[in-house]
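These protein sequence lines map, in sequence, to chains X and U.
Using my numbering, the letters of the first sequence map in sequence onto residues 2 to 450.
Using my numbering, the letters of the second sequence map in sequence onto residues 9 to 548.
The set of hints was computed from the structure by calculation and includes no laboratory data.
Do not rely on the hints blindly, as some may be mistaken.
To be verified - Label-pair restraints from in silico Cβ distances: (1) X:K360 with U:K373: 51 to 59 Å; (2) X:A91 with U:L177: 32 to 40 Å; (3) U:L387 with X:V143: 56 to 64 Å; (4) U:S25 with X:G229: 34 to 42 Å; (5) X:F447 with U:K256: 33 to 41 Å; (6) X:G242 with U:T196: 34 to 42 Å.
For each residue, glycine too, the CB sits at the ideal point set by N, CA and C.
Here is what each chain is made of, one letter per residue.
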Amino acid sequence: MEHIVIIGNGISGVTAARHIRKNSDKKITLVSAETKYFFSRTALMYVYMGHMKFEHTQPYENWFWDKNRIDLKEGFVNNINTDEKKLIFADASTLNYDKLIIATGSKPNKFGWKGQDLEGVLGMYHKQDLENLEKHAPNNEVCKRAVIVGGGLIGIELAEMLRSRKIPVTFLVRETSFWNGVLPAQESEMINKHIKEHHIDLRLSTNLREIKSDENGKVKSIVIDETGEEIECNVVGLTAGVTPNIDFIKTSKINTKRGVLVNRFLETNIADVFAIGDCAEQHEAIGQRRTIEAVWYTGRMMGETVAQTICGNKTEYKPGHWFNSAKFLDIEYQTYGWVFSERTKQENESYFQWQHPTKNTCITISYNAASRQFLGINTFGIRMRHEIFDKWLSENKSIEHVLEFLSDANFDPEFYKLHESEIVAKFNQENNTNINLQKKSWKRIFTKA
Amino acid sequence: MKFIKNTGLVLFIIGLSIFTGSVFSGSFNLTQQELDTFIADKGYKSEIIKEELTEALVTTEPINIFEFSSKVTAAFETSNAYYDAQIKKYDAAKNWTKKSEQFTYKIFGKPHSLSYELAKKAGKGFTKENPGLSWLLTFGLGIIGALLFIIPNLILLGKPGIKNDGIFLESATNRGWIAWLVLIYLVTFYLVLYFMPDYVVNWTFIFDPISNFLNGGDASQWFVYGFLYCTIMLVMGARMYIKYRHNKYQIVRTTSVLFFQIVFAFLIPEIMTSLNMPGYDFKSAFPLDYDFFFEWNIASLKNSGGIGIFILVWGIILTLVIVPVMVYFFGKRWYCSWVCGCGGLAETLGDPYRQNSDKSLFSWKLERWIIHSVLLFSLLMTIVTLYCYFSGTSSFLGIKSQWIKDTYSFLIGAWFAGVIGTGFYPIFGNRVWCRFGCPLAAYLGFVQRFKSRFRITTNGGQCISCGNCSTYCEQGIDVRAYAQKGENIVRSSCVGCGICSAVCPRGVLKLENGPEEGRINPTEILLGNDVNLIDLLNKK
């Protein structure tokens, strides 16, 4: 029986294992150094905040793996010998494979800051980071202040976590406004404001110079590069992005750049070795996507795809239209298609924007100024239906079409106040158009393209 | 703010302590004349019970309620034991006339009920003499304290949004010692309420004036319970309004359950009683309302003229037509989390405990076995009852009508729905009864699962498997298991409380009523991947 070994039991590796099991009878081994059982990394924050217990982050009960004949092996892989098709573990034990899937995910970036390895300096990625945080920041007596370095999605989540235990937080963000490499200014500024409303000391255009140690090798303070200001703190969160977790592969014959290089079939340069998820790097970007995508659902999709290939249905990885979502403290964010920030968008991309006068609700629709083609939408405080936008993007609908049928796309809970008519009115006014907002229609919603 | 909250907590605990302590207050004794009137009213022929009760209760000595209860019980048992012996004796002597005569001397019913009725007449003391002041010291302090504890959350919880911080870090909500204390208190409360009403007769004195005002009679333990139920729902409803103030679905739904509890379950039946009509809760549907087809209920309705017949017809239409048709259009949520009293308590008092429901596959199996057994049990009981009612016999299929009714009332009506159903909130979650026991929920579940427009839609590929939805599902549904596969949630047990949708950080879930076609959508590959691959695999 063919033996499939998967290194990494995150969403990519687990999805691959599940789909290989669905489609075949092969022997499957899932290897992990982090935890025995799969858990949802995105939910670690809720454990610290007391919304959940760690067991709630595990999507499958412990009997699931046995029942589906997926062997779990705990161990840290030191080396891959592709000639002998063998993994060598840190404890010198070995494991042979017929096909290997590398799904080792990411690790937090460290940019060579002085003091970056001190006790009390942590990322927010692994289960061990959560345990570390619980140790160094159990409450605001032990942790009088925390400093977070890096203004991305993990940074704002870590800030929210610490605030849930009333720990004062200073948040250093390199950019002039929060996440403005991705978000248009309207939205980025709304989030800046929201961060401050949550009593987080947000420092924009601010870089870290060094982290200072006390006599015991623990964090004592940080120094800001621009001003030389020293801020006393007990915890430093490094959340300046992630990078593929592939150090152990560098000594093997598998080609790597920043990640493990793969073609569109997720194959590496070595036969029978595949890479999926955050650690995989495409030779060339797919559409406007990045060559490395550290997103939950792309990991899952690569797992679905590679399982097809391994089970004899050779399948190219073809992610559909871009979408994503996040939550910034109390504000939900969804995006479908491409909306680039002012800093990164092309000349022919135009915005239509609407913002609620008082609530934290706004949208940006990006469209081609010449052809009127709808390119993408960002919504804050409004939920949208994925299937509808996927369909509109596939059908190259115009922005006018999107606005006319916007009610079909709304996904807010029942009884919520809807803003479509205000949105369309603003568009009509700005563009001298006469779009008539159509009522929601189940028939249209469920008609497949 | 913290100070106000703590003050509230202290006041609440004082109110609760006085309420609990009042059980032990007062004294109980009767004059000979009071006792004689009571026995005459009751039509007891037994001389022994008269002697025993006279000796025990006709005194000027103060007796507390527990002594009182045991004295009554002793009298009750002495009398019945004597006549049981007589019956045996005449049975052995084959003296059938004498034997059957002895039965007329026996006292039927439960000793605690007899003791309750006597105590209601015999009680003296603080709550009896100062009902208004007693109300203020118990309910008044409790309500003010609870509100002082709850209302500062408007500011303390911060901006509107999901505020579940610390739920699993606190003893009260994470099955800690506080939760166990609350469980013990609630279980004891229900045991006393159902089986030892005489012990809490002092509570009924507090409510005599209110009861007289509403229905023209003194308060029973059920009046106290009804009033307490409404009060708790209102106060904890205020907590719901604050906690979910950003979520209009929760606001509307909470308003609806409060309205139906206070108006339909409490006020209308009380007013009907005052008008000499049978007090009826128009929203309570069979088989949750399990005694609707009991002989005494049918007889009472038939003897109540036009309104009685209307209730009889309404009750049947409610169960057979209105309930399933509404479930077809809106899902069982219209009943379970918008109208029902049990659901109403679960959604208000029980909301802090919703995360404690068990999500394992094992408990789902257990749930299906138990709830469907209860449904069968209730139907069997009703068939037996109705057969006996129309045929005039006392048993059917070898099952005695009285026995099966008593057994159901005891096991399901009292133990399961009350003692376990509510008592176990703090440890097993707030829908123990609705999930494992309610026969109406089982019936609605069939309709919801097989013929309904309701579903929880999963939003394409947005799910990140975080598990908030499953954690906060009071019915123990593993919502995430569906959402992470891109499948809609169509489950018979879902009561449509809408919390999964509220706690989802990525906007994945939406409760909605739509066309039946495509409601259940098994997927292998989720939306977002290669469109051709999705079609290929999902259609095969």
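Hint check:
1. X:K360 with U:K373: 51 to 59 Å: 45 Å Cβ-Cβ, so the 51 to 59 Å window is violated.
2. X:A91 with U:L177: 32 to 40 Å: 35 Å, holds
3. U:L387 with X:V143: 56 to 64 Å: 60 Å, holds
4. U:S25 with X:G229: 34 to 42 Å: 60 Å, violated
5. X:F447 with U:K256: 33 to 41 Å: 25 Å, violated
6. X:G242 with U:T196: 34 to 42 Å: 56 Å, violated
Hint compliance for this structure: hints 1, 4, 5, 6 are broken, all remaining hints hold.
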